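*Asks:* Protein chains in written order, with our numbering: chain C, 344 to 658; chain R, 83 to 338.
Any given hint could be a false lead.
As the list claims (entries may be wrong) - Capping the alpha-carbon separation at 30 angstroms, the derived lysine-lysine pairs in DSS-like fashion look like this: (1) C/LYS432 <-> R/LYS194; (2) C/LYS573 <-> R/LYS194; (3) C/LYS410 <-> C/LYS395; (4) C/LYS432 <-> C/LYS395; (5) C/LYS410 <-> C/LYS432.
As the list claims (entries may be wrong) - Per the computed footprint, the stretches of chain R lying under chain C, defined by three or more beta-carbons under 8 angstroms from a beta-carbon of chain C, are: (6) 188-200; (7) 216-222; (8) 268-278; (9) 302-308.
Stated by the list, open to error - Which chain C residues face chain R? A few, computed with CB under 10 angstroms, are given here: (10) PRO357; (11) SER484; (12) PRO486; (13) VAL599; (14) VAL600; (15) VAL614; (16) LEU619; (17) ARG621; (18) ILE629; (19) TYR648.
Hints listed in this document are in silico derivations from the structure and should not be mistaken for laboratory results. On a predicted model such as this, the values are computed, not experimentally measured, just so you know. Glycine is no exception: its CB is placed at the ideal position from the N, C-alpha and C atoms.
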Amino acid sequence: MISFLIKRLAALVPTVLLVITLSFFLLHMIPGDPAAVLLGPNATPEQIAALKHSLGLDRPVFVQYVKYMARVLRGDFGNSIYFQQPVLKVVLSHAEASFLLATLGLMVVILLGVSSGVTSAVLSRTAYDKVFLTFALLGASIPSFWLGLLLILLFGVRLRVFPTSGFVSVLSTGNLSNLRYLVLPALTLGAVNSAVVARVTRSAMLEVLHQQYIDVARAKGLNSANVILKHALRNAAIPIVTVLGFVFAGMMATAVVTENVFAIPGIGRLVVQSVLRRDYPMIQGIMVLVAFLYLVVNLATDIVYTILDPRIRLT
Amino acid sequence: MIVLIAIITSFLRILNPYDVNPKMRLLPPSCHNLFGTDQFGRDILARTLAGSRVSLIVGMSVALLSLVFGIPLGLVSGYFRPASLFLMRLIDALMAFPSILLALALMAILGKPSLVNVIITVGIVYIPRVARLVYSATVVLRETTFVEAARAIGSSTFRILWRHILVNLISIVIVQSTFTFAFAVLEAAALDFLGVGIPPEIPSWGGMINENRLYLTIAPWTVVFPGFFLLLTVLSLNLLGDNLRDFLDPYLRRLV
Numbered sequence: 344m345i346s347f348l349i350k351r352l353a354a355l356v357p358t359v360l361l362v363i364t365l366s367f368f369l370l371h372m373i374p375g376d377p378a379a380v381l382l383g384p385n386a387t388p389e390q391i392a393a394l395k396h397s398l399g400l401d402r403p404v405f406v407q408y409v410k411y412m413a414r415v416l417r418g419d420f421g422n423s424i425y426f427q428q429p430v431l432k433v434v435l436s437h438a439e440a441s442f443l444l445a446t447l448g449l450m451v452v453i454l455l456g457v458s459s460g461v462t463s464a465v466l467s468r469t470a471y472d473k474v475f476l477t478f479a480l481l482g483a484s485i486p487s488f489w490l491g492l493l494l495i496l497l498f499g500v501r502l503r504v505f506p507t508s509g510f511v512s513v514l515s516t517g518n519l520s521n522l523r524y525l526v527l528p529a530l531t532l533g534a535v536n537s538a539v540v541a542r543v544t545r546s547a548m549l550e551v552l553h554q555q556y557i558d559v560a561r562a563k564g565l566n567s568a569n570v571i572l573k574h575a576l577r578n579a580a581i582p583i584v585t586v587l588g589f590v591f592a593g594m595m596a597t598a599v600v601t602e603n604v605f606a607i608p609g610i611g612r613l614v615v616q617s618v619l620r621r622d623y624p625m626i627q628g629i630m631v632l633v634a635f636l637y638l639v640v641n642l643a644t645d646i647v648y649t650i651l652d653p654r655i656r657l658t
Numbered sequence: 083m084i085v086l087i088a089i090i091t092s093f094l095r096i097l098n099p100y101d102v103n104p105k106m107r108l109l110p111p112s113c114h115n116l117f118g119t120d121q122f123g124r125d126i127l128a129r130t131l132a133g134s135r136v137s138l139i140v141g142m143s144v145a146l147l148s149l150v151f152g153i154p155l156g157l158v159s160g161y162f163r164p165a166s167l168f169l170m171r172l173i174d175a176l177m178a179f180p181s182i183l184l185a186l187a188l189m190a191i192l193g194k195p196s197l198v199n200v201i202i203t204v205g206i207v208y209i210p211r212v213a214r215l216v217y218s219a220t221v222v223l224r225e226t227t228f229v230e231a232a233r234a235i236g237s238s239t240f241r242i243l244w245r246h247i248l249v250n251l252i253s254i255v256i257v258q259s260t261f262t263f264a265f266a267v268l269e270a271a272a273l274d275f276l277g278v279g280i281p282p283e284i285p286s287w288g289g290m291i292n293e294n295r296l297y298l299t300i301a302p303w304t305v306v307f308p309g310f311f312l313l314l315t316v317l318s319l320n321l322l323g324d325n326l327r328d329f330l331d332p333y334l335r336r337l338v
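So here's chain R without its partners, still in its complex pose (with noise of 0.2 angstroms):
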């Protein structure tokens, strides 16, 4: 649903988020603007339509990365012990930090608020959530016969990890990365919140709310609609996680 909103209104260039019109600033919802407006008049509607653009960018794209990233830093400490030794002590100091710490830390030594540096910050939040999830199902999955059988018969180390060792991890790291998705929407709109994510002047869920809380009082729209629909997505995106979790194979839970 959100997925084809974002699609939607990106074609649809109707309702202009960026439209001033000081004239009618902070009007109730009406037939003309259902959202009602903000401080500067422009539509509410408009604006949380197009941050749901924003909130899925962000999303998708943190989950790929933790994907990219975590999937074989988590295999090559869970297959080779030495590795591991280093590797995941890292990653154990990384996980002490609060995720909204690390990422507030993160943000303040890349400088400048942008969407590219949103999406690499969070990245690099949720990367050893991924890698510390593959890696303790390839220490289990490491010691199984069928892996033994593989290395037995000459098979290469990538071949054994590719084809017998991530295929039997593919379904548990799905869907992790639901949950890595709705988390980075959370984490995102939260720096935005903060002050410390996308430039204000894009729209997006969290920085419409840190802007309008100043009119919460007296113009709670601006507040109330950005925000449920923030609820929504991340909402859909945990209940697709929970589903998916109880139609892949259970034995894979137990892995880890």
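If we strip away everything but chain C, and leave its shape as in the complex, we get (with noise of 0.2 angstroms):
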């Protein structure tokens, strides 16, 4: 186990360094002089000199690129430019709306999408399947956003269950029911990325459903529920862990468009304002530590096969 996990470290790192060389050539694709950019049009020459020598824009590229590369691996994202504080800190602070929005959001997805697929699986070819099959393909079709301000319009104002918006921290006020900014939001994300799941859920179960070992646990009078969940369920999780993985990524992304509809201050939101705001040290330090989580979650995902199916070997 722990040889594996070392080999798997080890292959990350060249798609963590290529991660950052990318986000450091960010900086220098932008037409004309980065420091006159990022001052704006009244920016006297002496601002951008000193702006230029402390980004040090004014050394060869090659030793920006190097120190730049040093400084990310430490964990130095540098200051950003609109909040004048350690862009590390920044993220950090936007980040408990982002996390919590996010495990809502897969407790949705895992919920109705998994769910939704197992029980599409045993009712193949009835009316309730083609129904699921529908609602999988809009689901896989619905813009984000939109959906979202539907949601505020029905939950909302018509019915006002729910805030429309903004976001309330549980972390410092302590208090569980502030969990309630984030259901509509978790709603959409959940809805929007549950649609794949629950299509790669149905079709894992309906090729387990037909192995003998589902015929002899039904043969030897097991009942239905207990072969479903115990027999058929744990054969099908590979496809099923896969694809959650892979939603994380889409939710990820997702994300940053719902923070945007609800108002939530979190990092997806912190992102779209800092390219308004042309805060370039902010969303190259935000595109490097989102890539690296989501490596993270590959490795993760790839540890977890190994605990749902012994057979496959860790080399």
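Reassemble the complex: the two chains are provided individually, in unrelated frames, and hints are given to aid placement.
*Replies:* Now the structure itself:
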């Protein structure tokens, strides 16, 4: 297990280095002088020179690159131009909302996606299955921001059950009822992403349900629920976990949009505002951190495989 | 259907999406304005129909871009081992960024919002995805007997790639490009919605929804109709992709 982990981590190194390299070139691909772009049209030449110096932009590109790489690997992403604070600190202060939203969203995905996929596989070729397939296709095609706005209209404005936007910290207030701000966003996030999970679950379950050991389990006289949950679902779990890892990436993308619809002060909203403010160090930092998170989730998915299916050797 | 609407409306100029009419602000749907009007009194039906053109241009261009760059990249890195070491790592790194995040960063680099920049941005996001698909199919096809036979009779590498490998993977690529089309339409709409896509004066579905969300409670039709058309477009593209996949040889799906 440990040697497997080391190997997998070593395989991540080139990708992580490339991710950092790509983020480095982000600042250098801006047409014209980055310092002038950062300061806007009213900057004096002295200001531009000073910023150039403080960003290290007056040195050869190679030196800048090595310095940047060393800095990022130490966890130092520089200072945000807008906040005048370390990028990492600003990102972390926005992390709670995003983390809670992602967790709730993932719960919706698992509850909605996996359970509807399982039931439609069991009830395949019935009217339920047809309705399910239609909904799954709708879910894959619906724009998340539009769904979010429709949910606001229905639950927030007409029925007045949930708040329509904003977020109150759960950590600092210690009040779990503040999670109600995240109900509609999590539903949006979950509904859009559970479509894929549901479809994969359905096809994986269909494949497993035709296996002989399922017939054996039934012949032994086990009740249906037992056969479906213990024998079939466990064997269908590998593709489901794969797609869940995949969906996590999709959720990070949808979260950017969802946070903006519901005005949630998370990382997704931060990145859009940073783009509008041209806060390049902030964008660079978020890109590296999010890509890193994604790679870690990928690794975690691989580890989960081995727990689910001991037959997969750790090589 | 949506294609037809886009084409017909570009010839029919009766409904002007830019006509401002301050007297008719935020009117609900009626027989005069079928879909109602927005805060400037512009006709939502006209703007929604005009938005279909933008969406289709973006979707089609992105699908083409991803094919033009993705196929050669995938073929080369799938067929030549040394190339794959570098190219595939680069593609992995690009794919480690969630699509919208990469698109946002690219829009930040390119600077001003414009139709061309949106196409370039979303194109760059989808090129690695096509390249990855072509790569994994090429790796399998490279080892097949017919490719070996072609090599044995002395076919040039270009000929092998073009006549033997590409021909065999073209159908999965076609299926993929209908999905790319659908995703690109969604992605571009999301960029417009976030205010970093196409400039707001050009009618686009995402941009309309963003503009009109402030009036969501008093004039829901300004948000509902463009979103519905967006859903319809993406849905029909996804349906097309699903059917194409079922229609084309299922053997090819097992390659990837």
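*Asks:* All hints are to be evaluated individually against the structure, with a verdict given for each.
*Replies:* Evaluated hints:
{"no.": "1", "hint": "C/LYS432 <-> R/LYS194", "in the structure": "holds (29 angstroms)"}
{"no.": "2", "hint": "C/LYS573 <-> R/LYS194", "in the structure": "violated (55 angstroms)"}
{"no.": "3", "hint": "C/LYS410 <-> C/LYS395", "in the structure": "holds (15 angstroms)"}
{"no.": "4", "hint": "C/LYS432 <-> C/LYS395", "in the structure": "holds (23 angstroms)"}
{"no.": "5", "hint": "C/LYS410 <-> C/LYS432", "in the structure": "holds (20 angstroms)"}
{"no.": "6", "hint": "188-200", "in the structure": "holds (count 4)"}
{"no.": "7", "hint": "216-222", "in the structure": "violated (count 0)"}
{"no.": "8", "hint": "268-278", "in the structure": "holds (count 7)"}
{"no.": "9", "hint": "302-308", "in the structure": "holds (count 3)"}
{"no.": "10", "hint": "PRO357", "in the structure": "holds (5 angstroms)"}
{"no.": "11", "hint": "SER484", "in the structure": "holds (4 angstroms)"}
{"no.": "12", "hint": "PRO486", "in the structure": "holds (5 angstroms)"}
{"no.": "13", "hint": "VAL599", "in the structure": "holds (5 angstroms)"}
{"no.": "14", "hint": "VAL600", "in the structure": "holds (5 angstroms)"}
{"no.": "15", "hint": "VAL614", "in the structure": "holds (6 angstroms)"}
{"no.": "16", "hint": "LEU619", "in the structure": "holds (7 angstroms)"}
{"no.": "17", "hint": "ARG621", "in the structure": "holds (7 angstroms)"}
{"no.": "18", "hint": "ILE629", "in the structure": "holds (7 angstroms)"}
{"no.": "19", "hint": "TYR648", "in the structure": "violated (19 angstroms)"}
Violated hints for the displayed structure, listed by number in ascending order: 2, 7 and 19.
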